[in-house]
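Protein chains in written order, with numbering that gives the first Met the number 0: chain A, 0 to 215; chain B, 0 to 254.
I should point out that these hints are in silico values taken from the structure, not numbers from a laboratory. Please note that a few of the clues may not be correct.
A few chain B residues that face chain A, going by a derived Cβ cut-off under 8 angstroms, partial list only [unchecked claim]: (1) 53; (2) 80; (3) 84; (4) 239.
The structure presented is a predicted model; accordingly, all values stated were derived computationally and were not measured. Note that beta-carbon positions come from the ideal geometry of N, C-alpha and C, so glycine has one too.
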Amino acid sequence: MSESFLSQYGADISTLTLEHLWLTGAAMLFAAAVAIPAGIWLTRSPRWAKPVIGLTNVLQTIPSLAMFGFLLPLPWLGERAARIAIVALTAYALLPILRNTYTGIRGIDPTLIEVARAIGLTGSQRLLKIELPLAASFIFAGLRTATVTCIGIATIAAAVGAGGLGELIFRGVASVDNRLVLAGAVPAALLALIADGALGLLERRFKVPGPESTRR
Amino acid sequence: MSTALEFRDISVIAANERRLLDRVSLAIEEGTVTAIIGRSGSGKTTLLRTANRMIEPASGEVLVAGASERDVVALRRKIGYVIQETGLFPHLTIERNVGIILEAEGRPREQRSDRVRELLQLVGLDPASFGHRYPHQLSGGQRQRAGLARALAAEARILLMDEPFGALDPLTRAEMQDMLRDLLKRVKTTVLLVTHDLDEALYLAARIVLMKEGKILVDVPSDKFLRSDHPEVVSYATAFHRGTSRKSAHEGGTA
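With the rest of the complex left out, here is chain A (with noise of 0.2 angstroms):
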């Protein structure tokens, strides 16, 4: 990319690339807080898993287009296009978190869970100390996937006018100006590069020590 054109789109790359990581960002917490919670509730009503499993399923398969459609028309939601994005990226990342809280836990040696309610650890102390740790790289690579699908599906928001890189591919496209497709589509790898690298890395941190299987 030349300099001219640098200097010419260079501010409103940085813009719309922090334009970009608050829409995943805030999609992203808003995912999480729903998901991990309501993936420990699954573990604790099983019978409920598949319903709910699937049903955030089914949000994942609406393309992406037609879900900032829906959205549109809704009161309040449709007045701020951003909001618009942070609710239908939060539905996509739903799904990633939410399974693989659900089956880290479940996927526990029961053995485990049975010797911590066995020697008097409390409910809570038991999802603490023993649950969650032993499923936190389960429910990192879940957030991983998550993350890196909803920075791509962000590009997207750009066409309800919620800005984020995706901006710079739509003017692009609609000018044939390939320099411009790129300045919006290499920052929004390199988001997904590091955004991988570093879930990738806490994964990697929290995995349970040893070569021994602690799952079923």
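Once you have looked at the hints, place chain B on chain A.
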């Protein structure tokens, strides 16, 4: 001697209506080791697990030190629990595994680490070299020692042991039995030991309870067990002696 643990008329019924325990009553004296033996499915583990209410009986009650404890968490903290798989938490160091109940009780860090050090020494593990290791870095016998230390952490007055040494090789198993015997002389704990191994029961316990189909068939001091003429004991004793008699018969035949 007072009664540390008492089972009164305990019945446990499985989901398929099968009676796992059928009106079992048993009183365990404080500071003694009682072994429960029996075939697989005889109800021995079920009985053990009603003591810390991992299984709730359909009828009857379990008394600890003469009282029925309502708070199940408080009850379980008073009762140590050791199982064959050790159940050490793989993400915690040995030090944290052993001290987990003290941590759960909110005891200060310093008090916790002093107690953990003392317990590790008690079970023959050097705190300096084992405290910071993870369970997978220990051998089977060392893991079982750590599991025992954890069970004793909260000054447990009762120790439930379910086939604790069942997965160990014979030599390590013998070492562990010696260690436990020695340890129980120093720590006054009431032990209820479930085992398949008659040799282990005879070596460690003062009293042997033989169960079959959810009932207690024989309940005798261990030195009288092999002299019992109960048919089930006779079968046990025959099986117990078969290894030696087979070997001598074989040696006699080939000599």
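For each hint, the structure was consulted:
1. 53: Since the shortest Cβ distance to chain A is 6 angstroms, the answer is holds.
2. 80: Given a least distance of 4 angstroms, the restraint on residue 80 of chain B holds.
3. 84: holds (5 angstroms)
4. 239: It is violated, given that the least Cβ distance between residue 239 of chain B and chain A is near 29 angstroms, above 8 angstroms.
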